[in-house]
Amino acid sequence: DAGVTQSPTHLIKTRGQQVTLRCSPKSGHDTVSWYQQALGQGPQFIFQYYEEEERQRGNFPDRFSGHQFPNYSSELNVNALLLGDSALYLCASSLDGIPVVSYEQYFGPGTRLTVT
Amino acid sequence: RKEVEQDPGPFNVPEGATVAFNCTYSNSASQSFFWYRQDCRKEPKLLMSVYSSGNEDGRFTAQLNRASQYISLLIRDSKLSDSATYLCVVSRVSNTGKLIFGQGTTLQVKP
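Line by line, the protein sequences are chains B and X.
Note that the first sequence covers residues 159 to 274 in the working numbering.
Note that the second sequence covers residues 473 to 583 in the working numbering.
Just so you know, these hints were derived from the structure itself, not from any lab.
Treat the hints with care, as some may be off.
In silico DSSO-like pairs for lysine-lysine, Cα to Cα no more than 27 angstroms straight-line [stated by the list, open to error]:
#, chain 1, residue 1, chain 2, residue 2
1, X, 474, X, 582
2, X, 517, B, 184
3, X, 474, X, 551
4, B, 171, X, 514
Cβ-to-Cβ under 7 angstroms is the rule here; a few derived chain X residues that face chain B [as the list claims (entries may be wrong)]:
#, residue
5, 515
6, 516
7, 583
For every residue, glycine included, the Cβ atom is placed at its ideal position computed from N, Cα and C.
Kindly produce the complete structure, drawing on both the sequences and the hints.
Structure (C-alpha cells):
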C-alpha cells in the first residue's frame, strides 16, 4: 500500500521565480492538504483540496495556489518566490467523511524548498 | 498569541527517565486533539489521539483537560529511540481537516 508521495524532494529556486510541487495521496484517500513548515516551527496549514476544489484556506497570500486532479493527486504552486518561502512543504492526505474524532492525516516526506 | 503553545525545550533526559510535555490551546471550539512525532528532517507521524478520558499506548499516556484547554503527553521509561520532536495538534469540527500545530517540543534521550 503506497503512502503519500511528493516530488521533488529538494528544490533550489531564485527570488521571483515560480515553483510547482506535486503530491500523490495515500491509496484510497480523496482529500489533500498542504502545509508549510519553517525551520524550528510546526507545520502551518496552507489549503485543502477535495473534489478538485479548494475547500479551506489558511492565512497565505494569493501567490500560493493549488490544484487537485481527478485521480486525487495535487499540485502546489508558488509565484514570485520570496526568501521567506524557504521551508519544508508537506502534503497530507485523508479520507473525507470519517468521524472527526478518529480523523487522521497521513503526511508525505515533504519537499524542501530553498529560495536564494 | 499562537493558537497552540508548547515549550520548545529541548528536554535532555537519561534513558529510563519519565518525561512530560505540556501544551495549551486558545480556541475553545477545538474538538480533536493529537500528538504527532517528527524525526529530524522527516514528516510528522501520528503518535496518538487524545481523549477527555485520557488514553494510554504502552509507555505513552495522553491527557486532555478541556476546562483548562490543556493537553499533556507522558513518556515513561524513555528509550534512545524516543528522541524526536513532539508536536501538539488540534483540529476544529467546523474546519474539516485543518490541523493546527504547536511549535513542537524537542526530546533528546541520552544513554
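Here's how the hints hold up against the structure:
Our distance criterion of 27 angstroms between C-alpha atoms is broken by residue 474(X) and residue 582(X), whose separation comes to about 31 angstroms. Annotation: proposed proximity of residue 517(X) to residue 184(B) holds, straight-line Cα distance about 14 angstroms (limit 27 angstroms). For a cut-off of 27 angstroms, the pair hint linking residue 474(X) to residue 551(X) is broken: about 31 angstroms separates their Cα positions. Of the pairs offered as hints, the one joining residue 171(B) and residue 514(X) holds, with about 21 angstroms between alpha carbons and a cut-off of 27 angstroms not exceeded.
Checking residue 515(X) against chain B: minimum C-beta separation of about 4 angstroms stays under 7 angstroms; hint holds. Below 7 angstroms, beta-carbon pairs count as interface contacts, and residue 516(X) has one with chain B at about 5 angstroms; its hint therefore holds. Look at residue 583(X): its Cβ only gets to about 26 angstroms from chain B, farther than 7 angstroms, so that hint breaks.
Consistency note: the structure conflicts with the earlier hints numbered 1, 3 and 7.
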